[in-house]
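Enquirer: Single-letter residue listing:
2 protein chains.
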Amino acid sequence: MAKWLKEIGPHADIVVSTRVRLARNIEGFPFPHILNEEKAEELKKIVMESVISGNSTLQNHFNIISMKDISQIERLNYLEKYLVSPDLIRHSNIGSALINKEETISILINEEDHIRVQCLLPGLQLEKAWDLAQNIDDLIEEKINYSYEEELGYLTACPTNLGTGVRVSVMLHLPALSLTGHINGVLKASGQIGLAVRGIYGEGTDFLGHLYQISNQVTLGITEQEIISNISDVTMQIIQNERSARDKLLHHRKIELEDKVFRSYGILKNARVMSRSEAMQLISDIKLGINLGLIENNNMEILNELTALIQPGCLQKYYAMELSESDRDIKRAQLIREMLG
Amino acid sequence: MAKWLKEIGPHADIVVSTRVRLARNIEGFPFPHILNEEKAEELKKIVMESVISGNSTLQNHFNIISMKDISQIERLNYLEKYLVSPDLIRHSNIGSALINKEETISILINEEDHIRVQCLLPGLQLEKAWDLAQNIDDLIEEKINYSYEEELGYLTACPTNLGTGVRVSVMLHLPALSLTGHINGVLKASGQIGLAVRGIYGEGTDFLGHLYQISNQVTLGITEQEIISNISDVTMQIIQNERSARDKLLHHRKIELEDKVFRSYGILKNARVMSRSEAMQLISDIKLGINLGLIENNNMEILNELTALIQPGCLQKYYAMELSESDRDIKRAQLIREMLG
Numbered sequence: 001m002a003k004w005l006k007e008i009g010p011h012a013d014i015v016v017s018t019r020v021r022l023a024r025n026i027e028g029f030p031f032p033h034i035l036n037e038e039k040a041e042e043l044k045k046i047v048m049e050s051v052i053s054g055n056s057t058l059q060n061h062f063n064i065i066s067m068k069d070i071s072q073i074e075r076l077n078y079l080e081k082y083l084v085s086p087d088l089i090r091h092s093n094i095g096s097a098l099i100n101k102e103e104t105i106s107i108l109i110n111e112e113d114h115i116r117v118q119c120l121l122p123g124l125q126l127e128k129a130w131d132l133a134q135n136i137d138d139l140i141e142e143k144i145n146y147s148y149e150e151e152l153g154y155l156t157a158c159p160t161n162l163g164t165g166v167r168v169s170v171m172l173h174l175p176a177l178s179l180t181g182h183i184n185g186v187l188k189a190s191g192q193i194g195l196a197v198r199g200i201y202g203e204g205t206d207f208l209g210h211l212y213q214i215s216n217q218v219t220l221g222i223t224e225q226e227i228i229s230n231i232s233d234v235t236m237q238i239i240q241n242e243r244s245a246r247d248k249l250l251h252h253r254k255i256e257l258e259d260k261v262f263r264s265y266g267i268l269k270n271a272r273v274m275s276r277s278e279a280m281q282l283i284s285d286i287k288l289g290i291n292l293g294l295i296e297n298n299n300m301e302i303l304n305e306l307t308a309l310i311q312p313g314c315l316q317k318y319y320a321m322e323l324s325e326s327d328r329d330i331k332r333a334q335l336i337r338e339m340l341g
Numbered sequence: 001m002a003k004w005l006k007e008i009g010p011h012a013d014i015v016v017s018t019r020v021r022l023a024r025n026i027e028g029f030p031f032p033h034i035l036n037e038e039k040a041e042e043l044k045k046i047v048m049e050s051v052i053s054g055n056s057t058l059q060n061h062f063n064i065i066s067m068k069d070i071s072q073i074e075r076l077n078y079l080e081k082y083l084v085s086p087d088l089i090r091h092s093n094i095g096s097a098l099i100n101k102e103e104t105i106s107i108l109i110n111e112e113d114h115i116r117v118q119c120l121l122p123g124l125q126l127e128k129a130w131d132l133a134q135n136i137d138d139l140i141e142e143k144i145n146y147s148y149e150e151e152l153g154y155l156t157a158c159p160t161n162l163g164t165g166v167r168v169s170v171m172l173h174l175p176a177l178s179l180t181g182h183i184n185g186v187l188k189a190s191g192q193i194g195l196a197v198r199g200i201y202g203e204g205t206d207f208l209g210h211l212y213q214i215s216n217q218v219t220l221g222i223t224e225q226e227i228i229s230n231i232s233d234v235t236m237q238i239i240q241n242e243r244s245a246r247d248k249l250l251h252h253r254k255i256e257l258e259d260k261v262f263r264s265y266g267i268l269k270n271a272r273v274m275s276r277s278e279a280m281q282l283i284s285d286i287k288l289g290i291n292l293g294l295i296e297n298n299n300m301e302i303l304n305e306l307t308a309l310i311q312p313g314c315l316q317k318y319y320a321m322e323l324s325e326s327d328r329d330i331k332r333a334q335l336i337r338e339m340l341g
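Residue numbers (this note's numbering), protein chains in the order written: chain U, 1 to 341; chain A, 1 to 341.
Wrong hints could be hidden among the right ones.
Treat identical chains as interchangeable: a pair holds within one or across any two.
Claimed, not checked - Lysine-lysine pairs mimicking DSSO-like chemistry, simulated, CA-CA at most 27 Å apart:
no., residue 1, residue 2
1, 254, 6
2, 254, 331
3, 188, 39
4, 44, 248
5, 317, 3
Source of the hints: derived by calculation from the structure; they are not laboratory data.
Quantities reported herein were computed from a predicted structural model and do not represent experimental measurements.
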């Protein structure tokens with residue numbers, strides 16, 4: 001299981017994970033959407049070479065996964081762990097991913113851009129994720145000429161990534177701001193300063209399990225450090241708001257909160273049929289309960305893992321079988337019971 | 001705790017308890033609603049004498065409880081165990097009850113009638129409850145002249161009890177007929193043949209915990225044996241219907257049923273706040289689950305006990321304190337967790 005799911009990082013009571021993503025393209029190759037399979041294969045080899053034969057310690061322990069060689073369930077499984085993107089799956093005839101053993105780094109090849117470098121760490125680790133991404137970036141650049149123009153910066157297939165090509169995002173667990181309704185103010189303020197807020201797996205306004213993904217919208221006319229510092233400032237502010245909302249809940253609505261948390265625990269431990277969205281909601285409740293010391297449990301890692309494992313692709317991979325939606329609901333409940341012991 | 005709550009009787013998968021009640025009055029005394037306290041006290045002594053100095057083995061182990069000497073919580077507690085009636089509590093200045101140790105027999109004095117003999121047994125035990133009531137009746141009649149007229153039978157304060165003065169009732173747990181909606185047919189048919197169907201504690205159409213109390217309406221122009229045999233026939237028919245509805249649920253909606261049962265169990269074991277009606281509902285689900293072999297549990301007696309213990313009076317008596325409604329919801333959840341272990 002991916003490190004960002006298994007390990008507890010800084011500010012883990014609120015920040016699930018930090019992600020830095022770079023969009024890069026190679027000189028002399030057309031963008032992927034007009035790239036033929038032969039050229040795509042050539043490009044893939046060049047990128048692989050640059051990473052694997054590089055002189056960095058980062059070069060080790062990478063697996064190469066070609067989208068065309070794996071099943072749709074396996075693709076979904078990688079998607080749900082954020083190791084590949086929907087776009088890479090759409091380009092499955094030419095798309096590949098280099099993924100390290102810890103699953104903290106994935107280098108997507110022939111996605112929307114030729115190269116997407118992604119670094120994903122548990123908790124709030126913006127600088128560390130940025131350094132990791134930059135190291136990979138340098139490693140590749142030793143062997144490859146990126147498409148770059150002095151005035152524009154890195155050239156990308158879609159203009160929204162032009163310039164730095166950097167997208168930084170943090171995944172936040174904000175149950176108290178959600179329960180108290182203050183989340184709407186947070187969302188509005190984030191939008192006003194040019195940040196995007198999405199649900200888990202970018203599913204619009206459907207904030208499953210009170211999880212909110214905050215990322216920069218602007219990549220052009222701003223330095224990488226400014227992007228990171230913006231996200232960092234906003235995240236620290238939201239963390240403070242969420243903690244204060246949790247304190248208030250604990251002081252003014254303790255028994256109600258306790259009841260909610262324990263009921264969710266009882267249902268998760270006992271249900272025989274469970275939808276994804278209900279599971280996300282219940283897991284969120286229990287995490288809040290653990291964070292507030294209402295429920296004794298050292299299973300935070302298991303709950304984080306579950307957040308991914310209960311997704312359709314991971315679930316089918318876990319049970320190594322194709323499952324209809326109603327069968328998934330049954331197997332999901334079973335998996336949860338097994339994991340919670 | 002009362003025997004009918006602690007022990008498992010015949011057809012206990014469906015029949016919670018059987019009750020036979022006789023209404024009797026004593027010659028030479030006005031009916032209780034126009035009885036002064038002095039006369040009421042005299043009447044009470046006569047009845048007590050007749051039971052306690054009788055020559056039957058039944059005479060032993062009776063406690064005498066005067067309504068005026070106990071708190072409202074204690075009165076409620078007896079009411080919720082069906083050992084006294086709302087009417088006895090309303091007449092608390094003159095009302096008393098002789099209750100045996102097993103709490104299977106209660107003789108109410110100065111209720112709506114001078115004497116109400118009640119026998120309450122676990123499961124379906126119509127004949128046994130009837131015999132018990134008759135023995136008590138005989139015991140009293142050895143010493144007392146009942147108000148009786150050849151043509152009318154026993155005279156009672158309210159004409160609905162005239163004649164035999166007998167009310168026979170069974171408490172049925174009918175979750176499957178409820179879940180499938182077939183209960184409405186049962187209720188209608190019962191009404192058509194002169195039986196009354198009430199919820200637990202006679203609360204109108206609010207069938208808390210899928211519990212249905214079926215009793216005869218008619219007491220005049222029909223023999224005691226006919227009353228018992230009517231109730232017996234109807235009960236056996238309903239038992240058959242409920243069992244067949246349970247079988248169907250088990251075959252066609254097993255996973256759904258299992259999910260419901262285990263969720264209810266998880267919530268009962270974990271909730272921190274619980275209303276009476278929710279508790280009744282969840283206990284009902286678990287009993288159904290145990291009866292269908294979906295959930296392994298030897299706690300049927302505990303669940304039956306809980307049905308009474310979670311009621312407001314029993315709960316306050318258990319914790320030996322007056323509790324507001326919201327405090328009761330918290331203590332109820334606590335008691336349930338303790339009892340389920």
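Enquirer: So, for every hint listed, does it hold in this structure?
Expert: Evaluation of the provided hints:
no. : hint      : result
1   : 254 / 6   : neither (29 Å within a copy, 35 Å between copies)
2   : 254 / 331 : between (33 Å within a copy, 15 Å between copies)
3   : 188 / 39  : neither (44 Å within a copy, 78 Å between copies)
4   : 44 / 248  : neither (53 Å within a copy, 59 Å between copies)
5   : 317 / 3   : within (18 Å within a copy, 54 Å between copies)
Checked against the numbered hints given earlier, the structure breaks hints 1, 3, 4 and satisfies all the rest.
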